[in-house]
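Novice: Produce the complete structure using the sequences and hints provided.
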Amino acid sequence: MPKNLLRACAVVLLATTSTAQAQAVPLAPSEAEDSSTPANPVSADAPPDAPAALPEAEPGEVPASAVTEDVPAVSPEVPPIPPDGDAFAKDTALVPEGTPFLPPHIEDPARARALAEETERSAPALVVSGGISLGAYQAGFISTLVRFWSVAQREGEQADLGNPAPRVWTGASAGAVNALLGGLASCDTAFAQPTWSPEQSLFWTVWIDQLDLGRLLPEERNEPPQGTHLFSEPHMQDTLQLILKKAQTTRFKEDCTFAYGITVTNLRGREVPFGDGGPDAQFKLKRVTEKLVVQVMTQGEGKLTARLPFMEGAVSASFPHIGVKPKELAYYPALGAQPTGDGGHEVSLSNLLLTPQASGAFPLAFPPVPVEVSFFNQTQWGPLESLKLIDGGVLNNNPVDLAVRLGSRWVERGTSRETTLNRERFPVVYLDQDAVGWDWASPPERPERSRSPLDEAYFQYLGNVLNAARDSAVLNTLEHDINLSGRIQIPRRTSVLPSEFQFAMMGFFDRRFREHDFYRGMQDAIRFLSTQLTSTRAVDLLVPRAGKERLRDRELRVLKVLGIDSLGFRCVVGNDCTTTPQLGRLRQATDALTKKAEAGQLQKGQVDDLLSVLGDVGYQYSEGVMEGIEATGTREDLIPVRQRVGTAFHSLVTQQRGNLKIPLRPAGAAFLDEWLTYSKPHHVWTLSAMRQRGVGVGVELPFLASEQGRDDYAYSRNEWRFGAVLSGLGVRDMDQLVPNDTRIRWASLGLYIDCVSDMDGFSGAIPFLDLGPYVRWRAGLGVSAGYLSKPNEWALTVPEARLGVDLAEMVGVRLTMPVYLLKKTEGERRLIRGTPKYFKELGLGVEFLLTRW
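Numbered per mature numbering (1 follows the signal peptide of the UniProt record, and there is no 0), the sequence shown spans residues -24 to -1, 1 to 829.
No wet-lab data here; the hints were simulated from the structure.
Predicted, not measured: the structure shown is a model, and the values here were computed from it.
Even glycine gets a Cβ: it sits at the ideal position worked out from N, Cα and C.
Just so you know, not all the hints are guaranteed correct.
[What the hints assert, rightly or not] Listed next, with one range per pair, are the computed distances between beta-carbon atoms:
| id | residue 1 | residue 2 | range |
| --- | --- | --- | --- |
| 1 | ASP214 | GLY604 | 19 to 27 Å |
| 2 | TRP416 | GLN213 | 35 to 43 Å |
| 3 | PRO72 | ASP457 | 37 to 45 Å |
| 4 | PRO85 | GLN258 | 31 to 39 Å |
| 5 | ASP214 | GLY576 | 41 to 49 Å |
| 6 | CYS731 | LYS66 | 48 to 56 Å |
| 7 | ILE729 | THR623 | 23 to 31 Å |
| 8 | GLY253 | TYR307 | 18 to 26 Å |
[Said to hold, decoys possible] In silico DSBU-like links for lysine-lysine, alpha-carbon gap of 35 Å or less:
| id | residue 1 | residue 2 |
| --- | --- | --- |
| 9 | LYS279 | LYS222 |
| 10 | LYS229 | LYS301 |
| 11 | LYS279 | LYS364 |
| 12 | LYS279 | LYS221 |
Specialist: Rendered as structure tokens:
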């Protein structure tokens, strides 16, 4: 039961967290394994905007020049299926003809087609879900879309295309960070250059260079001990300063603007009046999910500014702008200002950057972020209040409702041919990395009677309930807005990603994991442009559709437009890993997992499958927390992470006050053991009390550790401990030598070896004994020597059997029984040997443990 409760609490907690060359191009820092190897240059005959070549073809592979050569005209006949080679080789299906934006609720075909054309000509809104370390995948995906839209704006001037990039960006948690980076990138002239290196982008700086466990959990922290979070707050501040510096120093496109909205969780909550009329006719509802909205834009010489929304119809509003209705003001707090008049007050860039920091502050990892806001209380804006905000993905991880509302409130002017946002028919790109192109294998059935009644009835479903609560925001939007029908496009992930394991935290452990996932995001963005966005005006302008075209051919045409200049991309997508061999091995591993997933044989989140294939391909982890070790194929690989996270966790527990730290330390250690890998304690101090031995102090040193039962729902941890205890002032009966008198055991020294293990009910066979990890049993052998009085005597028990039970690794019951006795009494020459009087020498006592990990 306690184990089931621990797992249920872990599900609830972690569900809230709720989560990148032409000519000589520098290698990615973690891939400088052979910097003397030159990059494959682009063909001299290629145009200046041609992408880097794919690798030279092996027998049966697609030629490397396929990307840089002119793509031949597509035959009206079905083209041949290309052979295996790069990551697009398996895309042998034909590109769907027609449009994916047909509204299914419209019966008139002509009317439905007209509405679809309106959607295809409109600028989109983009929604980004939370994703924790999978934010690296999101960053690769979004940066590639922005690159394509930027090239389209550059190349589409004669066609009056305008800016096809999204006018609305919304996100939660990691998605809030990427939504802001995406909006800024859409205004950045660097994305419209003839060639593009994703490693030079702010996406790469944030997600690959900065968000690494070695930086998030440094061994020497430059901040005082904290009791609210594990990760380094100064490092997050440094990351935000990098974004701020970029925003302040970059010369952005002129007249570029977008609406930016995120969700955050207000821990204190607030009351929102419900109902029309006076106070007597109203009811107050508690609101904890807040939506922060600003308009980001460039002014003057491409300088970045931000402002609050305007009131609908405000005469002071310049175009474009966000115009909200008066009754909606209660739902959109004003960031950093107490508005007056029609709104549109300036928001400092520092305050703007607080919003993604707050939305990404998932509990325990980062501290709540103080943000000053003003609330609208029916008739006027109230004074500024300081809120403590955390992860916006707790209850609204996919803010499509906010994107739809902002899109309908976006007021924009443009020529009849320029791309603007159609407030009634704009498309919505809904990026959620959990949308995959396969079905995960079902977990094995739990053994009969392996669940307790409460677990069977409630605890096993807590994660489902929380996920459903988050999804309800999306479902309610779809239920109440029929015009969304046919407008939402959801990309499908085509590869298993290392970062998705261990509650999507795995990417923080190894830099190369994030690099790989970044490039996979780019790959999926190319597929998305070639399929679900292929009929949009920007894509159709640069990559005109042709009948009966293979998807791979279209993807290669999109790739040529992108002009990607990246060795890492060439490895992961083009299968040319000459200069990046470890990234190539990682690619092999994820390809193997993807094939397994597509066959329905891979369970979601089973990190042992990932570790196994990493060992099979001979992967070597990156430097940093993983210390550049060779993959063993087992959870031993995770020991450096377990030690780093464990140290931070126990430091956090030390800062707690009162009784909370009593259950928190063993429960947290047990959770980290099951989540990552078992790491034995460093040492254990003991304080014991036993009638026969008296009061004692001791130390235990674990020297061997193992784990078992991960696959049969009876997980247990086992370790061998060497211990020593020094006791004094024990009492022993006189064996009636003197009636009603006792003997004093003045001192005793004991040495022992114990096996300590979680009480798992004999691998789950006896459910009522399945009490781990809070209850642990121990058994061992020892030896003890003592000095007694009346008469003075030395006694040695060899061996001594030991049994015990530990509760929460804090207090235990001990039973010791001597098996053989040697004693020497003062005044006697001979050494007495024999079996002791068991009931006289049997020791029963209590022991308090102070465990240090």
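Novice: Does LYS221 sit within 35 Å of LYS279, going by the straight-line distance between their CA atoms?
Specialist: 12 Å, holds
Novice: Could you tell me whether the CB distance from ASP214 to GLY576 stays inside 41 to 49 Å?
Specialist: 44 Å, holds
Novice: Note whether the CB distance of GLY253 and TYR307 lies within 18 to 26 Å or breaks it.
Specialist: With a Cβ separation near 19 Å, GLY253 and TYR307 satisfy 18 to 26 Å, so the hint holds.
Novice: Straight-line Cα separation of LYS279 and LYS222 no greater than 35 Å?
Specialist: 11 Å, holds
Novice: Lying within 23 to 31 Å: is that true of the beta-carbon distance ILE729 to THR623?
Specialist: 27 Å, holds
Novice: Could you grab the alpha-carbon distance between LYS229 and LYS301 and see if it respects the 35 Å cut-off?
Specialist: Measuring from Cα to Cα gives roughly 30 Å; hence the hint holds.
Novice: Does the Cβ distance between CYS731 and LYS66 fall inside 48 to 56 Å?
Specialist: 51 Å, holds
Novice: Falls inside 35 to 43 Å, the C-beta gap from TRP416 to GLN213?
Specialist: 38 Å, holds
Novice: Please work out if LYS279 and LYS364 have their alpha carbons no farther apart than 35 Å.
Specialist: 30 Å, holds
Novice: For the range 37 to 45 Å, tell me whether the beta carbons of PRO72 and ASP457 fit it or not.
Specialist: 25 Å, violated
Novice: When you take the CB atoms of ASP214 and GLY604, is the distance between them in 19 to 27 Å?
Specialist: 25 Å Cβ-Cβ, so the 19 to 27 Å window holds.
Novice: Hint says 31 to 39 Å; check whether the CB-CB distance for PRO85 and GLN258 agrees.
Specialist: At 48 Å between Cβs, range violated.
The earlier numbered hints that this structure contradicts are 3 and 4.
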